Amino acid sequence: MKISESGVRYVADLANLKLTDSEIARLAKDMDEILTHMDALSELDTSTVEPMAQVLYQSEETATLRRDEIIPPIGNQAALANAPLAGAGYYKVPKVIER
Amino acid sequence: MNVESLTIEQVQTGLAARQFSAVELAQSALKFAQAENPKTNAYLHFCPERALAAAERVDQKLAAGEKAGALAGVPLAVKDVIVTEGVRTTCGSRLLEHYVPPYNATAVTRLEQAGAVVIGKTNCDEFAMGSSNENSAFGPVRNPAALDRVPGGSSGGSAAAVAQGTAVVALGSDTGGSVRQPASFCGVVGVTPTYGRVSRYGLVAFASSLDHIGPLGRTVRDAALLLETMAGRDDCDATSAFAPVPRYTAQLDGEVSGTRIGLPREYFEGLASESGDRIHRAIEVLKKLGCEVRDISLPATKYAVPCYYIIATAEASSNLARYDGVRYTTRASDETLSGMYRGTRGEGFGAECKRRIMLGTYVLSHGYYDAYYLKAQKVRALIAEDFRRAFTEVDAIVAPVSPSPAFKIGEKIDDPLEMYLSDIYTITGDLAGIPCMSVPCGKTSEGLPVGMQILTRHFDETGMFRLADAFEKAGGFAGSN
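Listed in order, the protein sequences are those of chains A and B. Each residue of the first sequence is one higher than the one before, counting from 1 in my numbering. Each residue of the second sequence is one higher than the one before, counting from 1 in my numbering.
Keep in mind that the hints were calculated from the coordinates and are not lab data. It should be emphasised that the depicted structure is a prediction, and the values quoted were computed from it without experimental measurement. Don't take every hint at face value.
[Claimed, not checked] Heads up, simulated DSS-like pairs for lysine-lysine below, C-alpha to C-alpha not over 27 Å straight-line:
no. : chain 1 : residue 1 : chain 2 : residue 2
1   : A       : K29       : B       : K473
2   : B       : K408      : A       : K29
3   : B       : K378      : A       : K2
4   : B       : K302      : A       : K2
[Unchecked claim] Going by beta-carbon spacing under 7 Å, a handful of chain B positions derived as facing chain A:
no. : residue
5   : K39
6   : P48
7   : A53
8   : S209
9   : R233
10  : D235
11  : A238
12  : T329
13  : M340
14  : R342
15  : I357
16  : L374
17  : V379
18  : K412
[Stated by the list, open to error] Have a look at the derived ranges for each label pair, beta carbon to beta carbon:
no. : chain 1 : residue 1 : chain 2 : residue 2 : range
19  : B       : F242      : A       : A40       : 46 to 56 Å
20  : B       : P246      : A       : Q54       : 17 to 27 Å
21  : A       : T20       : B       : Y369      : 43 to 53 Å
Beta carbons: idealized from backbone N, C-alpha and C, even for Gly.
Based on the provided sequences and hints, a complete structural model is requested.
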């Protein structure tokens with residue numbers, strides 16, 4: 001078995017996901033099956049292969065740098081327009097630090 | 001005017017001859033799309049105000065004798081993972097049900113500057129994760145060719161809209177086949193350009209090393225025109241390529257004699273018999289056009305599904321971390337910050353997104369990174385190398401798009417691995433970053449569309465479109481039944 005229900009709970013904790021008991025049972029089954037299938041990769045000898053992180057094309061080192069010009073940002077009001085809770089020009093969240 | 005079958009060229013001719021105005025066309029397209037939508041659920045919402053304002057601008061330009069753009073008045077549907085300023089963009093997710101973006105995607109800006117008229121936002125799998133459109137929080141899309149079947153995914157709404165005739169062209173996004181597979185299931189043309197060919201600024205990120213914006217249309221020319229209008233470097237997307245954009249549509253002369261085409265044998269194993277038969281008939285058409293066809297091998301193909309689902313889920317788990325209840329409209333109430341994050345994500349994401357976040361978090365986690373993520377990146381290099389080697393011998397690769405035609409709604413939804421395995425023929429193109437497209441090549445005896453896939457070298461969209469266009473002109477579509 002690749003992953004147990006307690007393993008699923010641990011990963012859910014890393015991923016900041018609240019899951020129900022039935023979701024955890026279902027994920028343990030699905031992830032086990034999918035991760036077992038993924039093990040097929042271990043058949044391949046890749047000891048001399050460089051990992052490919054991106055589809056890259058040759059270009060000048062500085063090609064992706066734009067000119068150093070000031071571009072007006074979208075502004076505080078527009079940026080906060082989709083906030084579930086905002087106030088005084090900031091996003092508001094539950095209290096993190098105890099005084 | 002018959003909105004259902006219009007091409008971009010016919011729209012331009014009709015406007016020039018004053019057969020209809022852009023406003024009249026927009027009104028009738030909106031009316032038709034709204035009336036048809038209950039059948040397929042292809043659109044999540046319409047944007048009549050934006051559409052009529054755009055059409056009005058086109059009419060004013062035409063009245064003043066000015067050029068109104070290559071896409072003047074053309075009704076366009078946009079997948080709801082591509083942001084539109086002031087028009088809701090939900091990504092098919094409850095989490096973003098009320099999200100109204102403060103800016104436009106570059107692709108949308110460029111198409112609108114060329115006169116396109118965005119009429120609505122199309123349904124899709126949640127955050128573009130799925131192969132059937134059943135993962136939308138707002139209900140599945142039904143395939144216009146057979147209403148009890150899926151339209152494919154994740155750009156199922158865009159493919160269905162174009163097939164149904166409620167839009168002339170549409171935008172989709174492709175990470176592992178999400179434009180080509182629904183195009184093949186619905187019987188339309190769908191294109192995944194070279195990685196970096198189209199700016200992803202404003203495409204809500206799923207897996208950044210694989211994400212593409214791609215066009216869908218009823219003809220190869222329409223898809224090519226859409227691509228040449230939106231492609232090209234954009235300073236807002238550092239991964240967008242500097243390579244000049246050719247005028248693809250100026251080179252569709254039907255002459256493809258001598259083109260060397262490779263048929264990868266790994267792509268014809270395990271293919272449904274009728275789909276295989278339609279592809280083989282299509283290959284006969286290409287031979288008649290003078291193409292030289294030969295068998296080739298892409299030996300790493302059998303590792304593509306695990307490779308893709310490791311990389312895509314890893315990147316997705318990272319990209320979706322931003323939906324934590326702080327910035328994007330939806331928040332679960334909890335006294336603690338951590339409880340708020342967890343609750344928002346637990347309540348907001350659907351089952352497939354959760355599965356992928358979990359898989360991605362697992363393969364990136366301590367102790368598993370080398371065995372899964374790093375290994376998959378190395379296998380990705382082997383898959384890309386297969387294509388590089390093949391393209392030293394052939395100019396194009398022809399293959400199926402999907403192992404079977406459109407399946408029934410509900411048929412595969414309870415078996416995620418089975419669903420992932422059905423992506424085998426499309427994910428390789430995304431992993432290698434090469435251009436690829438689906439072009440209709442007939443229907444099964446049940447009337448289900450089948451698509452043929454064409455893949456070419458990096459930035460050789462021109463060769464890909466020339467081949468697809470020659471096939472279309474040679475009556476490739478007519479291979480029905």
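Taking the hints in turn, this is what the structure says about them:
Note on K29 (chain A) and K473 (chain B): the hinted pairing is violated, with a Cα-Cα distance of about 49 Å set against a maximum of 27 Å. About 24 Å separates the Cα atoms of K408 (chain B) and K29 (chain A), which keeps this hinted pair within 27 Å; it holds. Among the hinted pairs, K378 (chain B) with K2 (chain A) is consistent with the structure: their alpha-carbon atoms are about 22 Å apart, no more than 27 Å. For a cut-off of 27 Å, the pair hint linking K302 (chain B) to K2 (chain A) stands: about 21 Å separates their Cα positions.
About 32 Å separates the beta-carbon of K39 (chain B) from the nearest beta-carbon of chain A, more than 7 Å, and the hint is not met. For P48 (chain B), the shortest C-beta to C-beta distance to chain A is roughly 22 Å, which exceeds 7 Å, and the interface hint is violated. Look at A53 (chain B): its Cβ only gets to about 20 Å from chain A, farther than 7 Å, so that hint breaks. At a threshold of 7 Å, the smallest CB-CB gap from S209 (chain B) to chain A is about 5 Å, leaving the interface hint in force.
Using the Cβ-Cβ criterion of 7 Å, the hint placing R233 (chain B) at the interface with chain A is not satisfied: the shortest such distance is roughly 9 Å. For D235 (chain B), the interface hint holds, since its Cβ comes within 7 Å of a Cβ in chain A; the closest pair sits about 5 Å apart. Annotation: A238 (chain B) was flagged as interfacial toward chain A, and the flag holds, the nearest CB pair being 5 Å apart, inside 7 Å. With its C-beta approaching chain A no nearer than about 5 Å, T329 (chain B) sits inside the 7 Å limit, and its interface hint holds.
A least Cβ separation of about 5 Å between M340 (chain B) and chain A falls short of the 7 Å threshold, and the interface hint therefore holds. Interface restraint check for R342 (chain B): the shortest CB-CB distance to chain A comes to about 4 Å, inside 7 Å, so the restraint holds. With a cut of 7 Å, the hint placing I357 (chain B) at the interface with chain A holds, because the nearest CB-to-CB distance is about 5 Å. Because the beta carbon of L374 (chain B) sits about 6 Å from the nearest beta carbon in chain A, less than 7 Å, this interface hint is met.
Among the interface hints, the one on V379 (chain B) holds; its C-beta lies about 6 Å from the nearest C-beta in chain A, closer than the 7 Å criterion. Interface hint status for K412 (chain B): violated, as the beta-carbon distance to the closest one in chain A is roughly 13 Å, over 7 Å. For F242 (chain B) paired with A40 (chain A), a C-beta distance near 38 Å fails the hint of 46 to 56 Å. Take P246 (chain B) and Q54 (chain A): their Cβ atoms lie about 24 Å apart, and the range 17 to 27 Å holds.
For T20 (chain A) and Y369 (chain B), the hinted distance range of 43 to 53 Å is not satisfied, since their beta carbons lie about 28 Å from each other.
The structure fails hints 1, 5, 6, 7, 9, 18, 19, 21 (numbered hints given earlier, in ascending order).
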